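If you read the protein sequences in the order shown, they are chains A and B.
Heads up: the first sequence runs through residues 1 to 370, numbered per this note's numbering.
Heads up: the second sequence runs through residues 1001 to 1290, numbered per this note's numbering.
Fair warning: there could be bad hints in the mix.
[Said to hold, decoys possible] A partial selection of chain B residues facing chain A, derived with a Cβ cut-off under 10 Å:
#1 Arg1213
#2 Ile1229
#3 Glu1231
#4 Glu1235
#5 Glu1244
#6 Ala1251
#7 Glu1254
Think of the hints as simulated: they come from the structure by calculation, not from any bench.
None of these values were measured; they are calculated from a predicted model.
All residues carry an ideal CB built from backbone N, CA and C; glycine is no exception.
As a plain string of letters, each chain reads:
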Amino acid sequence: MNEPGAPVQIKPEQAVAEAAELGQKLARGAELFAKLRDDEVKIATTPKDEVWRQDKVTLHHYRPLAPIAVSPPGLIVYGLIGRYTMADLQEDRSLVRNLLELGVDLYVVDWGNPTRADRWLTLDDYIDGYLDECVREVARRHKVDEVNLLGICEGGVFTTCYAALHPDAVKNMVLTITPIDFHADMEQNRLGHGFINLWTRSLAPEDIDRLIEAHGSLPGEFMGSVFSLMTPMRTLMKYNLDMLEVMDDDKKFLNFLRMEKWIADRPHHPGEAAKQWLKDLYQDNKLINNAFVINGRKVNLSDITMPVLNIFAKDDHIIPPATSQALGAKVGTKDYSELPLPGGHVGVFVGGKSQALLGSGIAKWLTERQ
Amino acid sequence: MGPAQYMKALAELWGQGSQNFMAAQQSLLRDMAERFAKAGGRAPAGAPANLFDPAAMAQANEAFGRLWSAAAELSQTFARNFQQGKEPDPLVSGLLGRIFDPSAWFAGNEGMDAALNRLAQGPRLADMWNTERQMLAAFNAWTALRRRSLEHNTVMLEAWLQAASSFAKLLNEKADRKEVLGSWREVLALWVETANRVLLETQRSEPYLKSQRELLKASTDLRLAQQVIAEFYSEMFGYPTRAELDDVHKALTELRREVRALERAGRERPYREARRSVAAQPARSEEKPS
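This is chain B alone, in the form it adopts within the complex:
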């Protein structure tokens, strides 16, 4: 594959992935507006719609999936070519790096995030739209998780490309030294060693640690947002909520702690008294005149 082909494949990958994702989001927002209209009258400003649209979510997921598959396929092509011992063009590698810069890709989604945040954090109108607001918060958290996941995968993908490049370089160096790898096991061992080193270096890098931290935060936020909804329905149907159970468990833990302390004090009291009594005895005997 020549530089032009790489460029074409990357442009397709980039364009198609982002278009699909944006289309899915737009469809979701359109659907929200339609549902508001059907529900009768105008919705208050900033009020959210019914956000559970499995088709749009599936489409967004699919867009991410396609993006990832295409990237993986591209990486494999890289690897295949490198394995044939062709020297990568540094100019092309640099260009690929810039095109693959995830910040450009995510810039397109910032407006969407802001809109969703405005919906989730808009002015409150007494009890109106509270459930929907909670649903929207969960959806927002889900969207954020997908985004953070994609960012993290991009860091990993870059590491993969770097590993493939290092692997190719090692093969070329072996060729220059007239060394050969005579079995697939040897080839695999070299790949594992190379990839492991690159992955470990990546894990110590700030971009990796940052994307992983953001991914962890996003997954935590989603779980907490889901718990808010679960609390709402538990209360509605008279089931104990997570918060109530946590309270009970906290009280139980504290009670057990107190029982342990009391038991220990009870055990130690006779022991302390006995020691005091032993300590006191010689003193009394010394008081007696011999």
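The following block holds chain A by itself, in its conformation from the complex:
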């Protein structure tokens, strides 16, 4: 390969230097691996207390890290794909900590670990059942009629539906990386963006029914593999190239492992709810068309009359910005604002620049609307 004129010309001394560097990294990495235990790779460490439970769903109240300056309290609602721990990945990359330190009183709902026994749970159960119970519990504990909702990704869809169906229970709604128009990925058609939208549309509705019939759920590992497809080379190189880059640095290596821990913790999505998610929303795009039905009531986006802050990631390949921004033209409030942040889907929460802007942006917006 080192023929004269060939494009790849690596000098022997360069090769030796690279090999030596690689050897040092591997040795250091092996040392780190040997002394690290799994329970040392902790995520979601911000102290909180369980205050309510029903079936597998639990509601937690974070202990304040500063005097409460924002009211009413906020409820973080993550989706059923992935877990809320993304919002509190590690101490210096935590939306939860950032908000607590800015005086926001915070709760989070944990949907637990659905199994095949939860196959029959629908989005109606999650939105009009469990989420409604959580909102009422927070309101009851603080003697208020309304709470602030902070929805993330699929959880943002839950909060959007909830806010439209129960506008009198929501003071302000903050959405982060939330799909509303599930076909808007076709607007920009960026390479590598919106693959889940395209992939789901390529399936026949009966394919989805049979998948759920066979598994009883949308298996977590299955969705994990679909996410991996979205960054094919990144996935292929992750455990050699990416890990090699960080394995001689304690801090970076631990960050890498924490992210891996979050990725590995991917609960199964209850079957009937998954059918609604994939067929009604991804395939039939009912939410943006005010045709999505929860407990016999149509979700009409114009019924969202409280202030809305819609946050999206400018390079989000999972939820392309246009799919989120579509909400603006549909809500019934004039107090609608957007906060575009640099980075991708997960980068919003853990990226150095974005995660700082995210916490302060939300706290400032809420403070102005107490």
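Following the hints, put chain B in place on chain A, whose structure we already have.
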């Protein structure tokens, strides 16, 4: 490697892989017939035999494995040559594309699929052969999954070849511009960037989406066919079946839903009554003469 060598390697890969697979299938069918004969007398038309022949299955698997390994090796050879900056011959590339057309390769298996389907869907004779029929359905589903998997891998392999070709082209262009990559890291970065782009383009293509959809359907079908067998044995030995458990869970979910609704109604009743009472009070006071 010259064009002739490429052709030879591909012909060997193609021929050997398909022969092994067909041989494995034929051995399986032969074994089915022998077992019928040993079981005594003639089997009814369309009735399946005992299909669990691990050796034949292993052989079929091995054939697929060999095919894949040979293809991967060929791709690596491609990559090695391209990396040396040799210009690929478009005529040869076109020919390779046609030879590597998976539809020709799968045409040889259509008869086999039809035969297996006839066995699985043949006329029913009361309770005879029901278990075997279920086993055969599972085997059919397994065969379909292997086939869909191979089809999908072929799409991916084509993408790989395309990525390798693009990579070689980029290297050649760099050479023309007298640019050099001075470290393996730079070489790797260029490869990752190129391959990522090709893979992402492939994922948006109809052949990729179609083969992946078929693969998903095949894996679902296999799981459902296996569940039919599991249901049969669960019933036979008095264990709860998956369907029965699903029924129980459905009833439980519905009951919980009702309990939630009742609790909510119970909570809201006093609240509504209180609001009605508050709303009614000013009206009464207004009725009183001042």
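So, going through the hints one by one against the coordinates:
Because the beta carbon of Arg1213(B) sits about 6 Å from the nearest beta carbon in chain A, less than 10 Å, this interface hint is met. Taking 10 Å as the C-beta cut-off, the interface hint given for Ile1229(B) is violated, the closest approach to chain A being about 14 Å. Because the beta carbon of Glu1231(B) sits about 13 Å from the nearest beta carbon in chain A, more than 10 Å, this interface hint is broken. Interface restraint check for Glu1235(B): the shortest CB-CB distance to chain A comes to about 19 Å, outside 10 Å, so the restraint is violated.
Given the 10 Å rule on beta carbons, the hint for Glu1244(B) is violated: about 13 Å separates it from the nearest Cβ of chain A. Of the supplied interface hints, the one on Ala1251(B) holds, with its beta-carbon coming within about 9 Å of a beta-carbon of chain A, less than 10 Å. For Glu1254(B), the interface hint holds, the least distance from its beta-carbon to any beta-carbon of chain A being 7 Å, beneath 10 Å.
Going through the hint list in order, the structure does not satisfy hints 2, 3, 4 and 5.
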